Amino acid sequence: MGDLSSVLWIGGPPGAGKTTVARLIARRRGLRWYNADVHTWEHRDRAIAAGHPAAIRWEAMTPAERWSASPEDMIAMSLHEERGPMIVDDLRALPAAPLTIAEGTPITPSAAGAEARAVWLLPSPEVREARLATRELTPGVVDLYRSLAQVIEKEVVEYGATTLVVDGRRGIEETVADVERIFADALDTGPVATTPQERRRLLRYANRAVVTQHLTFFARPWASGDARSAVRAFDCECGQDGCDEQVRLAIADFPALPVDAEPVLAPGH
1 MGDLSSVLWI GGPPGAGKTT VARLIARRRG LRWYNADVHT WEHRDRAIAA
51 GHPAAIRWEA MTPAERWSAS PEDMIAMSLH EERGPMIVDD LRALPAAPLT
101 IAEGTPITPS AAGAEARAVW LLPSPEVREA RLATRELTPG VVDLYRSLAQ
151 VIEKEVVEYG ATTLVVDGRR GIEETVADVE RIFADALDTG PVATTPQERR
201 RLLRYANRAV VTQHLTFFAR PWASGDARSA VRAFDCECGQ DGCDEQVRLA
251 IADFPALPVD AEPVLAPGH
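The numbering of the sequence shown is this note's numbering, which starts it at 1 and goes up by one.
Any given hint could be a false lead.
What follows is a list of derived Cβ distance ranges for each label pair [claimed, not checked]: (1) SER68 <-> GLN197: 47 to 57 Å; (2) VAL165 <-> ALA64: 33 to 43 Å; (3) GLN150 <-> SER68: 18 to 28 Å.
It should be emphasised that the hints constitute simulated quantities derived from the structure, not laboratory data. Bear in mind the structure is a predicted one, so any value in this text is a computation, not a measurement. Cβ coordinates follow ideal geometry from the N, Cα and C atoms, glycine included.
All chains should be modelled from the sequences, with the hints used to inform the complete structure.
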């Protein structure tokens with residue numbers, strides 16, 4: 001997939017609803033879902049291996065030091081600019097079929113490219129603050145997210161990229177419909193997964209990425225928690241049209257066997 005022609009991009013700051021929109025479109029349309037968040041620790045390890053000073057500095061800091069830094073330092077240590085090319089490398093390594101819907105805060109117009117089929121969800125300040133308030137975030141993390149919103153919105157305007165304002169007046173289903181209209185040509189022509197078996201494999205790809213995310217985090221010497229105590233919601237792998245169910249499992253309990261041998265299923269599926 002050298003030219004990334006099979007990728008649909010959704011960017012935007014934290015609290016924009018990118019993950020929910022992308023997940024629903026991927027499940028309903030038979031697309032591969034690439035969630036940049038679940039690759040955070042893999043990307044950090046790549047940056048450390050490459051000797052990136054900000055990545056190395058961040059790993060050596062205490063949590064208090066990380067989140068009391070200046071906004072400029074926090075953005076630098078978040079690897080916002082550096083992760084864009086890493087995401088592109090990840091996407092180039094994926095099969096060309098079916099379409100991939102890629103979403104994440106580090107997806108910027110410069111990373112996706114001028115010819116990309118892309119949209120940036122931009123929440124109003126009121127919506128952003130209300131959504132961030134529902135998360136268990138420290139003040140430092142909230143400050144970082146606010147700063148990232150400013151950086152992203154500035155670049156989106158400079159590039160003249162396609163945007164969708166999220167102001168709270170439209171629900172998630174209406175937002176999904178708006179994004180689907182922006183991607184209508186690509187969604188109509190595909191390629192997309194059409195059989196339950198194909199869909200199950202895409203769901204396993206997304207679910208395994210969540211497992212890898214946590215295992216990569218727990219491998220850090222300063223990390224808290226473990227694969228037994230960390231319980232997360234995984235997408236039901238039945239592969240049937242219209243299924244939006246999720247299953248809560250401990251990371252340690254996620255099946256190691258292929259999806260065809262041991263799918264994760266919601267009750268009754």
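Quiz item: When you take the CB atoms of SER68 and GLN197, is the distance between them in 47 to 57 Å?
Solution: Between SER68 and GLN197, where Cβ atoms are some 50 Å apart, the hint holds.
Exercise. Look at the Cβ atoms of GLN150 and SER68 and judge whether their distance stays inside 18 to 28 Å.
Key: This hint holds: roughly 19 Å between Cβ atoms.
Practice problem: Hint says 33 to 43 Å; check whether the CB-CB distance for VAL165 and ALA64 agrees. | Solution: Because 36 Å falls inside the window, the suggested range holds.
Of the numbered hints listed earlier, not one is contradicted by the structure.
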